[in-house]
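Top line first, the protein sequences correspond to chains A and B.
Position 293 of the first sequence, counting from 1, maps to 293 under the numbering used here, and the rest follow consecutively.
Position 213 of the second sequence, counting from 1, maps to 213 under the numbering used here, and the rest follow consecutively.
Simulated from the structure, these hints should not be mistaken for laboratory data.
Check each hint, because a few of them may be wrong.
DMTMM-like mimics (lysine to aspartate or glutamate), calculated; alpha carbons at most 20 Å apart, straight line [claimed, not checked]:
{"no.": "1", "chain 1": "A", "residue 1": "K180", "chain 2": "B", "residue 2": "E50"}
{"no.": "2", "chain 1": "A", "residue 1": "K180", "chain 2": "B", "residue 2": "E45"}
{"no.": "3", "chain 1": "B", "residue 1": "K201", "chain 2": "B", "residue 2": "D163"}
{"no.": "4", "chain 1": "A", "residue 1": "K250", "chain 2": "A", "residue 2": "D260"}
{"no.": "5", "chain 1": "A", "residue 1": "K2", "chain 2": "A", "residue 2": "D263"}
{"no.": "6", "chain 1": "A", "residue 1": "K2", "chain 2": "A", "residue 2": "E284"}
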Amino acid sequence: MKEHLDLLREMLRIRRFEERCAELYSSAQIRGFLHLYVGEEAVAAGVMSELDPQDAVVSTYRDHGHALARGVPMDAVMAEMFGKETGCSRGRGGSMHLFDATHRFFGGNAIVGGGLPVAAGLALAHVMRGEPRVVACFFGEGAAAEGEFHEVLNLAALWRLPVLFCCENNQYAMGTAFAKEHAAGDLALRASSYGLAAWSVDGMDVLAVKESARRATESIRAGGGPCLLELRTYRFRAHSMYDPERYRDKAEVAQWRDLDPIDRLVELIRPEFTDDELGALESEVSVEIDHAVATAETADFEPVTDLTRFVTSEVSP
Amino acid sequence: MKTTYREALREAIRDAMNRDDRVFLMGEDVGSYGGCYAVSLGLLEDFGPERIRDTPLSESAFVGAGIGAALNGMRPIVEIMTVNFSLLALDQILNNAATLLHMSGGQFPVPLVIRMTTGAGRQLAAQHSHSLEGWYAHIPGLRVLAPATLEDARGMLWPALCDPDPVLIFEHNALYNLSGELADDAGPVDITRAAVRRPGKDVTLITYGGSLAKALAAADDLAADGIDAEVIDLRTLRPLDADTFLESVRRTHRAVVVDEGWRSGSLSAEIAARIAEEALYDLDAPVRRVCSAEVPIPYAQHLEEAALPQPASIAAAASEVVRGG
Ligand SMILES: Cc1ncc(C[n+]2csc(CCOP(=O)(O)OP(=O)(O)O)c2C)c(N)n1
Ligand SMILES: [Mg+2]
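Based on the provided sequences and hints, a complete structural model is requested.
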């Protein structure tokens with residue numbers, strides 16, 4: 001039950017955080033692109049729950065859920081969205097580029113497929129230094145059409161790099177449906193053709209995600225080489241805040257909304273888990289979000305005189 | 001007629017598709033999504049999925065496929081969502097598109113047009129804010145265009161398609177909503193010459209694309225201050241029409257180059273060098289450059305604004321060269 005509650009809390013944190021972000025976007029306190037993860041929370045919550053602090057994570061522009069579930073403090077994530085100095089990337093990255101060295105969170109990458117080669121390199125260093133770590137690398141099914149995906153899967157399998165590839169198949173790459181992106185339907189089958197273990201998971205079921213992540217990380221840590229999980233999920237909202245969603249119909253969205261991973265888990269743990277307890281959890285989460293917004297609002301912007309800092313390192317060679 | 005830059009680009013595509021059935025458009029989300037900047041919105045309905053082709057996320061593959069189709073009798077317009085993602089196709093653009101004609105001893109021209117969005121200003125952070133058109137202007141074999149007006153948005157595509165060689169068209173993201181009057185019979189324009197957008201006699205501001213409006217705003221501010229600035233829109237970044245800006249500099253004796261690209265090793269450096277090579281003794285002051293700060297463009301609004309050329313920094317540089325620093 002404790003495990004279930006932890007997963008539920010994590011998913012709720014992400015969901016409510018992003019709902020607040022959408023409001024803050026409407027009031028122009030958050031700017032730029034904002035890609036919401038609403039509907040996909042089970043993936044981040046389930047996978048991260050199986051990682052150790054010394055493992056590493058590589059993310060995409062749809063990175064709020066990954067960062068929060070990984071433990072990047074919500075205050076720092078929200079401050080980043082506000083462009084403040086206290087943000088996890090000092091306001092230089094914004095929504096799409098959350099970074100946190102402390103949590104070995106190697107960033108949201110906004111070039112589709114751009115994180116995959118980096119994940120391979122992180123894992124290579126783990127191997128060469130004899131550290132039994134896993135690199136969890138998140139990317140969408142759209143990224144699986146890019147050259148990087150194919151190059152990196154081959155390389156990782158060839159060198160038996162300890163990477164957990166987490167392909168978040170939310171059925172769309174912007175407006176391009178899976179079937180218009182890929183000639184062959186089965187991503188796990190394709191991945192296994194490169195010589196690594198790969199299978200599909202119900203990404204709307206957080207327990208199934210967790211169980212698959214457990215099996216995969218165990219195998220990777222035991223020296224079994226990389227694994228790929230195809231996590232079948234769905235984004236309930238637009239690709240980003242600008243998307244008029246001309247490419248899919250409301251009935252399809254409604255069908256997937258019936259599989260809401262949060263509702264499903266709540267149903268599963270009833271009746272032991274009461275409405276009162278759910279209410280308490282909700283208010284715990286909203287206190288955390290209120291705090292994150294309040295501190296982000298009052299935090300300072302980095303002085304403009306610091307503009308060209310961090311282009312190169314500040315230690316002399 | 002009242003129109004926007006976006007609509008003018010769309011009309012140009014529609015016109016080209018109607019003129020020549022070898023023309024087709026391909027790229028990510030150009031069809032059912034309507035284009036990531038809505039340029040191709042509605043074209044799928046008019047021309048069908050054979051000629052408005054959605055591609056998988058695979059810049060290298062579909063740009064390379066555009067090259068192949070161009071080699072083999074078609075006239076493709078390839079849309080890359082933004083210049084940032086064109087880096088995944090840089091190999092195809094440089095090593096194939098720009099090179100095949102020469103390497104084949106003149107046998108294989110590549111009549112391909114590649115359109116892409118460029119520039120910063122919308123708080124999209126570094127990976128979505130690059131201005132790399134100057135890099136492409138470095139490459140022999142390419143023609144590089146930067147439409148900054150409604151006329152050019154409407155008129156550059158057809159001559160680009162008629163060019164037997166590869167042409168890159170850079171659309172600055174800040175321009176899509178630019179609106180104004182366009183002649184009903186607006187059509188193809190010259191793609192070889194720069195244009196004087198504002199005549200003046202005291203200083204020449206040389207710019208293009210998304211920075212043109214900023215330079216014109218700076219010129220207005222300068223006018224209020226008694227300085228009469230001439231503003232030149234390069235329009236074609238390669239091959240450069242140096243004659244137009246050299247003629248201007250010889251009259252005004254002063255030059256400020258405004259470029260959203262970074263300063264070092266850049267298009268602005270090239271222009272300054274041309275002026276130094278051809279018109280040094282006509283100058284009354286050193287050439288000045290207003291470029292983006294040498295930093296990946298940051299997300300935070302105040303930092304992004306500080307990183308980019310602005311009317312105030314352009315005006316300050318111009319009055320410095322006119323009045324002395
Ligand atoms: C190389 C590259 N091409 C295009 C884009 C524009 N773009 C951003 S997200 C996206 C869709 C990616 O889809 P997917 O990999 O399935 O991830 P999802 O957004 O569904 O999570 C596109 C085309 C980009 N950021 N990078
Ligand atoms: Mg997707």
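Okay, the hints, checked on the actual structure:
{"no.": "1", "hint": "K180/A / E50/B", "in the structure": "13 Å, holds"}
{"no.": "2", "hint": "K180/A / E45/B", "in the structure": "17 Å, holds"}
{"no.": "3", "hint": "K201/B / D163/B", "in the structure": "35 Å, violated"}
{"no.": "4", "hint": "K250/A / D260/A", "in the structure": "15 Å, holds"}
{"no.": "5", "hint": "K2/A / D263/A", "in the structure": "17 Å, holds"}
{"no.": "6", "hint": "K2/A / E284/A", "in the structure": "16 Å, holds"}
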